[in-house]
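Asker: With chain A fixed as given, assemble chain B onto it according to the hints.
There are 2 protein chains.
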Amino acid sequence: MIYNAPVKEIRFALNELAELPAICSLPGYEDCSVDLVDAILEEAAKFAEGVLAPINKQGDQGAKWHSDFSVTSAPGFKDAWLQYVEAGWPGLRAPADFGGQGMPALVALAAEEMWCSANLSFSLAPLLTLGAVEAINHHASEELKAVYLPKMSSGEWTGTMNLTEPQAGSDLAQVRSRAVPVGDGSYKVSGQKIFITWGEHDMADNIVHLVLARLPDAPAGVKGISLFIVPKFLVNEDGSLGARNDVRCVSLEHKLGIHGSPTAVMSFGDEGGAIGYLVGEANKGLAYMFTMMNHARLGVGVEGMAVSERAYQKAVEYARDRVQSRAVGSPDASGVAIIRHPDVRRMLMTIRAGVEAQRALACVAAAALDRASRHPVASEAASNQALVNFLIPIVKGWNTEEANSLTSLAVQVHGGMGFIEETGVAQYYRDARITAIYEGTTGIHGLDLIGRKTFSEGGATARALLEEAKLTAGKLAAAGFASFAANLEAAVADAGRCVDYILATFKEQPQLAAAGSVPFLKLMGIVLGGWQMGRAALIAQAKQGEDGADADFYTAKLATCRFYGEHYLPQVSGLAAAVVDGAGSVLDMPEALF
Amino acid sequence: MIYNAPVKEIRFALNELAELPAICSLPGYEDCSVDLVDAILEEAAKFAEGVLAPINKQGDQGAKWHSDFSVTSAPGFKDAWLQYVEAGWPGLRAPADFGGQGMPALVALAAEEMWCSANLSFSLAPLLTLGAVEAINHHASEELKAVYLPKMSSGEWTGTMNLTEPQAGSDLAQVRSRAVPVGDGSYKVSGQKIFITWGEHDMADNIVHLVLARLPDAPAGVKGISLFIVPKFLVNEDGSLGARNDVRCVSLEHKLGIHGSPTAVMSFGDEGGAIGYLVGEANKGLAYMFTMMNHARLGVGVEGMAVSERAYQKAVEYARDRVQSRAVGSPDASGVAIIRHPDVRRMLMTIRAGVEAQRALACVAAAALDRASRHPVASEAASNQALVNFLIPIVKGWNTEEANSLTSLAVQVHGGMGFIEETGVAQYYRDARITAIYEGTTGIHGLDLIGRKTFSEGGATARALLEEAKLTAGKLAAAGFASFAANLEAAVADAGRCVDYILATFKEQPQLAAAGSVPFLKLMGIVLGGWQMGRAALIAQAKQGEDGADADFYTAKLATCRFYGEHYLPQVSGLAAAVVDGAGSVLDMPEALF
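Chains as they are written, first to last, in the working numbering: chain A, 621 to 1214; chain B, 621 to 1214.
Everything labelled a hint here was simulated from the structure, so no lab data went into it.
If you're wondering where the values come from, they're calculated on a predicted model, not measured in any experiment.
Think of the CB as a built atom: it goes at the ideal place given N, C-alpha and C, for glycine as much as any other residue.
Wrong hints could be hidden among the right ones.
Below are the PhoX-like pairs computed for lysine-lysine, each with C-alpha atoms no more than 25 Å apart in a straight line [to be verified]:
| id | chain 1 | residue 1 | chain 2 | residue 2 |
| --- | --- | --- | --- | --- |
| 1 | A | Lys1163 | A | Lys1095 |
| 2 | A | Lys698 | A | Lys677 |
| 3 | B | Lys684 | A | Lys684 |
| 4 | A | Lys628 | A | Lys1163 |
| 5 | B | Lys765 | B | Lys904 |
| 6 | A | Lys808 | A | Lys904 |
| 7 | B | Lys808 | B | Lys843 |
| 8 | A | Lys677 | B | Lys684 |
| 9 | B | Lys677 | A | Lys684 |
Just a sample of chain A residues kept apart from chain B, beta carbon distances all over 10 Å, derived [unchecked claim]:
| id | residue |
| --- | --- |
| 10 | Ala642 |
| 11 | Val654 |
| 12 | Gly696 |
| 13 | Asp822 |
| 14 | Asp825 |
| 15 | Gly859 |
| 16 | Ser887 |
| 17 | Ala1099 |
| 18 | Gly1168 |
| 19 | Gln1191 |
| 20 | Gly1194 |
Chain A extracted, bound-state conformation:
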């Protein structure tokens, strides 16, 4: 089950589309350079290919829960984690003040893609840890930072996010977990949390749980939720590990996929209360969680794309090896490799083009995240923040919805063998399925996109992006990409009609706007992915003729862009019709008649 990190593709997305040189020049990123990033990519590729990919299939056997509440990680995972720590990867985007390298989000994303492609289950441990690091770094006291961040940045300890409770899925207003002040500045935390990724395992010395809970006098709803650090082992004054805290993993879920990632039911305070420490101010827990959500959601969008990439590689390998049936229209009855059958090529190109567009859009979003946090000009930072806000639900929602259909195509390329678990491609199909669900379902991101990200700002960012895409269409036309240009322009116009519709309906008839929210999210993904693929085509055309240019790379890039223009962009009109004309029929059915 080989994985070849697509370093050239990643480099193209970073350097050409997301303008890495400009990101490296932002204040605080001075240590970053294109050369350094090249070296990081090469090393990350080696690690992903050599250490993480080989244990992905055995990871599917799953972690094991024991009746003493301990969890044994899937075979090979602990050793891989120790190597990951040894190599310093946990610190790549951790803050430099606490031992990390403080690399831009754009660079971290590139490495994360490789971890996710190689081994999605494994990749969640560092992803969650970094989320916890970010929340602590932004909001906790210096004292707490000093205790927790160095060991988390080094990977000696891992982190988790404890949000969901059985009665409260995405609706955090319903959180019931309690935290009672002890009097010494600490709290006793109690309650049950579910769906806790890497909530318990044996890979690291300690696990730092970030837990949403309510103080005794907290107001109801989301304004009464506070954020606490609850370590698995208490930490002594000298930094050594102390007593086991009153938190335990009471079971692991049996899931459709990502079996290598233990999904824990966590019980806090069964023996009187787990010792916890308040992060920042009381009742601001939800706001604190939101500060790291853009990163986390971008990360999940990358997960979806990365699993599709891995599935693509597997499907290509099979399609080259498997000989079956004569070539279409050939008088020669000999079988040919199925990669020669047009429909197999169509499936492979569909995955390939989707992945490239998704990667490009994710990289552009990551670069905007870096600019939003570091750009010295306030107005630039603000406009990039608006861009991030708009792009994140699209990258999260579109990439992951596509992951379901693209990994399904990879199964299909394998025919009957795709359905056999030993083949391995079914694992990607199962693993991918979670990505459109966790960190907010696509429906939740659709609502976010039409409400806070479109209506609330009068459609400004949406229109600015569509205008950019239209300009690119004009350049494509001038450069001879006539059909791509025409399809992009038509798609931009359709998307614009949808923006108009959302702005017109959202306030007075929000149900109508909401009915089309996910089709809108998807079509914006296709249009903005098309914008990036258009830019890619223009760059590839320009570079193709340069001395020493990688002719094969640009040939493939141009072919893939063309495919995107002819197979993806035309889907926009159908989705736009659903948004603009289809809301009534979403809402019409009397509830009792479903």
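Answerer: For chain B alone, kept in the frame of chain A given last:
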């Protein structure tokens, strides 16, 4: 995990759309009547709901292979099979001459939908058995029929189809299994077959394998394949069971889904040769298999639709029960059942509308199958056979491709719970995945559709069907369904352009036509499904006002048709663009650069 057989919907599709009364009047179906079929549907619903559905989840634990080459069926399956036999269900569409009821394909299909919804894994045992019955009945000697058909029609024995070999997936020209005449009229069969559904189990006294193999002097390729009956136990003169034959199940596959259906690797002749009996003439095996393929493929199309129906029911149940988040736009912060969230409704309506259209199209195809085999006027029989030939790849391919996306939507409705195996909906997602693969992948049916079914007859049936759909669009416009009519007419026009393109390119540039074959198959599914939903809307409108009409049923039907018109039909233009404009970019990528 409740299943409620949608008897009203099935009855509507049978009686109104597929014209059951006319089918009952065909020669040979005189015993059939609408009242009888009503009774059959009620009984089938009871059996599916009460016996098959309750063991579906435990069936996911799988059948067990033992080192003595025996297989223990999944828990509860043997008992359910005995009840199925006791109730006489195996005989529903088995020939009346051999103890069956000889019901029309249309009626059998209705019952089969319920078996498949209730328990897809179980349903494959009778489906495969009936396929074997049909092949034997059409092509074997009277002697062989007398030995095998009564016990297979009663369900005392089951049947299998042994086509695939490791080196020969769908390309049966590569079949290598051998059959050597013994001299007494029997043959010694040897070879290995894979992917044999219900190839070994403990539910019935005997298993009758139909095996494709080559005689010693057979020509190469598909013209040298013969069909043999190879029973697990030889049958004595008096009909009692004799010696164990030299055929064994050497392993079961570990699959993504349908775990309750044992998928066997079968080895014939390890101890000198399994005794087999030639069906019909030598070297005609492939042609004989084709006579039953339309039924089998229609059956798999029904499987896809039926699993989507079951997933729909599960999703509706969850969406009614699960309370989360305030209603969109509501000032009241209280959570509401998620069925009130527009995107959840959109997902439910998408599944519902897809299933209804697919069911309608499958029923129309089944009725054509009945007319083709029984219509007394030769020209009518012939035109219906052309209709069957054209519709079967669409019903098979479209329904099953949709099953992947519709069961995925049902998972999505469940949010995080959808990813947890105990919830049960993930099983439907996994089970459904095989349907677009076996009995020919969608790619194979796409090629069949554009070649033998479109180009070879100059597009006659395609155009006739599109003309019918256009007439329906006209009626819809006249009846006040303006937007449905406009969308259907536009979709018909797009489909017509695709037919023109295929006719223009297939002969000289078959690779171009093939590149769009699957998008063409899908768009024809959407258009013809739209034709049926348009007919349904017209009928519902007319019946709604009748005395004693089931107002709720027709209200729901009209709402679902409207949704189909606004959300499915607009997808056709994007698919048509891929067919007509997108072939070049499917073929352009140099093979080495994938």
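Asker: Indicate, hint by hint, whether the structure satisfies it.
Answerer: Do the hints match the structure? See the list:
1. At roughly 16 Å between alpha-carbon atoms, Lys1163/A and Lys1095/A fall within 25 Å of each other, so this suggested pair holds.
2. A distance of roughly 15 Å separates the Cα atoms of Lys698/A and Lys677/A; the hinted pair therefore holds under the 25 Å criterion.
3. Distance hint between Lys684/B and Lys684/A is fulfilled; the C-alpha atoms sit about 23 Å from each other, no more than 25 Å.
4. For a cut-off of 25 Å, the pair hint linking Lys628/A to Lys1163/A stands: about 14 Å separates their Cα positions.
5. Among the hinted pairs, Lys765/B with Lys904/B is consistent with the structure: their alpha-carbon atoms are about 18 Å apart, no more than 25 Å.
6. A C-alpha spacing of about 18 Å is found between Lys808/A and Lys904/A, which places the hinted pair at or below 25 Å, so the restraint holds.
7. For a cut-off of 25 Å, the pair hint linking Lys808/B to Lys843/B stands: about 20 Å separates their Cα positions.
8. Of the pairs offered as hints, the one joining Lys677/A and Lys684/B holds, with about 23 Å between alpha carbons and a cut-off of 25 Å not exceeded.
9. For a cut-off of 25 Å, the pair hint linking Lys677/B to Lys684/A stands: about 23 Å separates their Cα positions.
10. Once the 10 Å rule is applied to beta carbons, Ala642/A is consistent with being away from chain B; the minimum gap is 30 Å.
11. No Cβ of chain B approaches the Cβ of Val654/A within 10 Å, the least distance being about 25 Å, so the stated non-interface status holds.
12. Under the 10 Å C-beta cut-off, the non-interface status given to Gly696/A relative to chain B holds; the minimum distance is some 20 Å.
13. Interface exclusion of Asp822/A from chain B stands, the closest Cβ pair being 23 Å apart, more than 10 Å.
14. The claim that Asp825/A is not at the interface with chain B holds, since no C-beta of that chain comes within 10 Å of its own (minimum 29 Å).
15. At the 10 Å boundary, the C-beta of Gly859/A stays outside the reach of chain B, the nearest C-beta of that chain being 36 Å off.
16. At roughly 18 Å from the closest C-beta of chain B, the C-beta of Ser887/A stays outside 10 Å, upholding its exclusion from the interface.
17. For Ala1099/A, the non-interface assignment is confirmed: its Cβ lies about 17 Å from the closest Cβ of chain B, beyond the 10 Å cut-off.
18. Under the 10 Å C-beta cut-off, the non-interface status given to Gly1168/A relative to chain B holds; the minimum distance is some 18 Å.
19. With a least CB separation of 4 Å from chain B, Gln1191/A falls inside the 10 Å interface cut-off, contrary to its annotation.
20. Against chain B, the non-interface label of Gly1194/A is violated: not every CB pair exceeds 10 Å, the least being about 4 Å.
Of the hints listed earlier, those the structure fails to meet are numbers 19, 20, in rising order.
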